[in-house]
Amino acid sequence: AQSVTQPDIHITVSEGASLELRCNYSYGATPYLFWYVQSPGQGLQLLLKYFSGDTLVQGIKGFEAEFKRSQSSFNLRKPSVHWSDAAEYFCAVGVTTDSWGKLQFGSGTQVVVTP
Amino acid sequence: NAGVTQTPKFRILKIGQSMTLQCTQDMNHNYMYWYRQDPGMGLKLIYYSVGAGITDKGEVPNGYNVSRSTTEDFPLRLELAAPSQTSVYFCASSQALTLGYTFGSGTRLTVV
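Here the protein sequences come in this chain order: F and E. The working numbering numbers the first residue of the first sequence as 53 and each following residue consecutively. The working numbering numbers the first residue of the second sequence as 1077 and each following residue consecutively.
Mixed in with the good hints, there may be bad ones.
Only pairs whose alpha carbons sit at most 27 angstroms apart, straight line, appear in this in silico DSSO-like list of lysine-lysine [said to hold, decoys possible]:
no.	chain 1	residue 1	chain 2	residue 2
1	F	K101	F	K120
2	E	K1120	F	K154
3	F	K101	E	K1120
Now the stretches of chain E that chain F is said to cover, found in silico as 3 or more residues with beta-carbon under 8 angstroms [what the hints assert, rightly or not]:
no.	region
4	1086 to 1095
5	1111 to 1118
6	1136 to 1148
Taking CB as the label site, the calculated pair distances span [what the hints assert, rightly or not]:
no.	chain 1	residue 1	chain 2	residue 2	range
7	E	N1138	F	Q54	18 to 28 angstroms
8	E	I1091	F	T82	40 to 50 angstroms
9	E	G1116	F	W152	21 to 31 angstroms
10	F	T107	E	G1092	49 to 59 angstroms
What the hints contain is simulated information worked out from the structure, not anything from laboratory work. Small disclaimer: the values here were computed from a predicted structure and weren't measured. In this text, a Cβ means the ideal position worked out from N, Cα and C, and glycines have one as well.
Turn these sequences into a full structure, and let the hints guide you.
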């Protein structure tokens, strides 16, 4: 069965420290991958996406993610976290064979930033 | 540039009542989606549409209905509300499969 897993429910990180959020997927077809961020009480905002080409993609707010096909992973990173990065982060996966463009979302990782 | 607009933002329903969650987008996107978000569960797809007159069920469609009479509007109908439908509902739209979604700000629904 197709699945998207975010193993970390909650991560606490100090301001200025690096951050890495994990995402693993299980799909038979070629995936396209997204990371979204949700601030409290808000909708989801697209951070970055991957569907082909360079496996290291840059996004907004200083985030980047690396697609590793051999590990079925698409981990999100930021070198130096700011207090405003406190939010919930969702990985999402779709497949190129789905013409309806449906995405399956992970369960989310809550990021807390401490001073 | 409004993007995706959802109304209302908050609503409390009594068990057995019905309501319609409104979703409008002004980007001329063909694809539209309804998701519900429950704590620790991520987002689950309720219904989706690829254009006016074309809709289909997602992962959790029971208790909901949709219609798509125009490109802009994709309302979600709850009939006979149940406590299990207490959730945050998000509408999203997309122009192309590889561009990702634009989300609305959500409707927080409580059924008591």
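Results of checking the hints against the structure:
A distance of roughly 14 angstroms separates the Cα atoms of F:K101 and F:K120; the hinted pair therefore holds under the 27 angstroms criterion. A threshold of 27 angstroms between alpha carbons decides the hint, and for E:K1120 with F:K154 the separation of about 11 angstroms falls inside it, so the pair holds. For the given pair, F:K101 sits about 20 angstroms from E:K1120 by alpha-carbon distance, which is consistent with the 27 angstroms threshold. Given as covered by chain F, the region 1086 to 1095 of chain E fails the check, having 0 residues with a CB less than 8 angstroms from a CB of that chain where 3 are the minimum.
Only when three residues or more bring their CB closer than 8 angstroms to a CB of chain F does the claim for the region 1111 to 1118 of chain E stand; here the count is 4, and the claim holds. Here the region 1136 to 1148 of chain E counts 0 residues with a CB under 8 angstroms from a CB of chain F, which misses the bar of 3, and the coverage is violated. For E:N1138 and F:Q54, the hinted distance range of 18 to 28 angstroms is satisfied, since their beta carbons lie about 21 angstroms from each other. For the pair E:I1091 and F:T82, the beta carbons lie near 45 angstroms from each other, so the given range of 40 to 50 angstroms is met.
In this structure the supplied range 21 to 31 angstroms holds for E:G1116 paired with F:W152, their Cβ-Cβ distance being about 26 angstroms. Between F:T107 and E:G1092 the beta carbon distance is about 52 angstroms. The supplied range of 49 to 59 angstroms therefore holds.
The structure shown violates the earlier hints numbered 4, 6.
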